[in-house]
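Asks: Each chain, written out:
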Amino acid sequence: MLTVMLPRLAGLSGAGRRSAAVAGRNVSALKPAYWLVMLGGLLDPVFYLFSIGIGVGSLVGEIPLPGGQTIGYAEFVAPAMLAASAMSGAIVETTFNFFGKMKFMRLYEGMLATPVRPIEIALGELGWAMLRGSLYSAVFLAIMVAMDLTSPLRALAAFPATVLVGFAFGALGMAIATLIRSWQDFDMIGAGQFALFLFSGTFVPATTYPAALRWLVEITPLYRAVDLIRGISLGTVGPVQLLDVLYLLALTAGGLAVAGRRMERLLCR
Amino acid sequence: MNSLIHARGLVKRFDGFTAVDGIDVDVRPGEAFGFLGPNGAGKSSTMRMIGCVSPPSDGVLRILGMDPRRDGPAIRARLGVCPQLDNLDPELTVRENLTTYARFFGIPRKVARARATELLDFVQLGERAGSRVDPLSGGMKRRLTIARALINEPDLVLLDEPTTGLDPQARHLVWERLFRLKQQGVTLVLTTHYMDEAEQLCDRLVVMDGGRIVAEGSPRELIAAHSTREVVELRFPTEDQGAYADELKGIGERIEVLPDRILLYVADGDDALAEVHRRSLTPVGSLARRSSLEDVFLRLTGRTLVD
Chain A
1 MLTVMLPRLA GLSGAGRRSA AVAGRNVSAL KPAYWLVMLG GLLDPVFYLF SIGIGVGSLV
61 GEIPLPGGQT IGYAEFVAPA MLAASAMSGA IVETTFNFFG KMKFMRLYEG MLATPVRPIE
121 IALGELGWAM LRGSLYSAVF LAIMVAMDLT SPLRALAAFP ATVLVGFAFG ALGMAIATLI
181 RSWQDFDMIG AGQFALFLFS GTFVPATTYP AALRWLVEIT PLYRAVDLIR GISLGTVGPV
241 QLLDVLYLLA LTAGGLAVAG RRMERLLCR
Chain B
1001 MNSLIHARGL VKRFDGFTAV DGIDVDVRPG EAFGFLGPNG AGKSSTMRMI GCVSPPSDGV
1061 LRILGMDPRR DGPAIRARLG VCPQLDNLDP ELTVRENLTT YARFFGIPRK VARARATELL
1121 DFVQLGERAG SRVDPLSGGM KRRLTIARAL INEPDLVLLD EPTTGLDPQA RHLVWERLFR
1181 LKQQGVTLVL TTHYMDEAEQ LCDRLVVMDG GRIVAEGSPR ELIAAHSTRE VVELRFPTED
1241 QGAYADELKG IGERIEVLPD RILLYVADGD DALAEVHRRS LTPVGSLARR SSLEDVFLRL
1301 TGRTLVD
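The listed protein sequences correspond, in order, to chains A and B.
Using our numbering, read the first sequence as starting at 1 and increasing by one per residue.
Using our numbering, read the second sequence as starting at 1001 and increasing by one per residue.
Treat the hints with caution; some may be incorrect.
[Stated by the list, open to error] Here chain B is said to cover these stretches of chain A; the calculated rule only asks that three of the stretch's residues, wherever they fall, bring their Cβ under 8 Å from a Cβ of chain B: (1) 14-23; (2) 26-36; (3) 98-112; (4) 115-127.
None of these hints come from the bench; they were simulated from the model.
All values reported here derive from a predicted model rather than from experimental measurement.
Every residue gets a Cβ at the ideal spot worked out from N, C-alpha and C, and that includes glycine.
Please work from the sequences and hints to get the whole structure.
Replies: Put into structure tokens, the structure is as follows:
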């Protein structure tokens, strides 16, 4: 048994090590300009929280929850901003940067001449995107706690959920990046991302939409992400959140599978 | 069978187009082996199959005794690859390009640093270690790519057109480094469409054309088998060089008419030139030289190597 398992385990640890090396390449490439880009991504959701959550929120008043309780508008919007920032952090890294590395820097061709395999590149890049997304989330959660929009304990519980959200959107972004032909296509991604950002139960509860539209909203990935994180941050976790988790796990697995296969098709002809 | 590369009936097809059409190759340890041929002959496709980044469409291929379809990562761990187009990392420094690459092979950081220093000295880039890649010249980039291909102390180094696009001085510097490697006993496999490169570096080579191997041997063997000892090149002041072919009949073994000149394949160039002048023919340019692989290629395919 051991002799059967050992080589396989060694193969697996090799894959993990190689994926880590791919992520490590990005650490070496960190430059001051990159930190500035990251700061931008970090400030985005904070601005929305202040301008809409607090600014517009003062006009909106209380929001009723399905359970009957009511909450302040900022409390309602903050977890959605958190989910959206986890999404955008992951998507920027896995679409824009991934595409540039694959098509223009030809980085992956160099990597594939080593023992590194396409799926290990995908995993490594995704892991790196997660580091970036998680940093955004941690900072934003700290702001939420400081503004008394959630409790420290719930913030701790929400953190792994944001990581899951990042994985799901990172894998999705990477799959899309392998299908993209030119930089023009990124406008489409941006538009799609913004539509998700506006209509995924972020600023308005999905229950306010007409039934048909509501159904459409509720199957979008950002809606599931917002639902999961809002449930945790407001302390209203139920069976629906389990569905959210399964949905996001499936998205992660599906995205990675597509990305790995497409990379193999593109780079290992 | 201790061939590092063993191919039988190797085929590569892309959507109905056959790039490599059933080739047999054996590369032995310690030799410098070349694939010579024009663009589109199937050299790069062959190299990508040997490098285990492109699955063969048909035939047998064993690299280091292993099967690329199954053992790709294990084989690539022992290969050094210098691709035709530089794919150095523009966001890293010269040194980081080596140390980061070493991590993909699982080489410990400390060992990687030591090897990077050693290799940068070897390719004469020690002083540029902290520089970014972009400002480097083409020759420097190519040398860095060669250093990168050596970071894992490979059993087999693959070089796809190692000096294409370099100026003569940079080419000679690359050749000199490759020759050093060869002397150290490193097995080199390279593709080229430069006959002088093949003659300088290769112990043995195959000539490829249209996805097939049309000849095989050492440069000297190939010249002996497919050409004469010397060649006389003549240029006549006319649009149609062929008009003079008849008057040159009988000089040497063979006449080749090219758009801009006529080649006479002869045993002794000076004797042949004397005969040309005796027939009171007056070319505007004439040159007697040794036969080269270019002549071999022309003989085998009816075309020149570099268009």
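Asks: Checking against the hints above, which ones are violated?
Replies: The structure conflicts with no hint, since it agrees with every one listed earlier.
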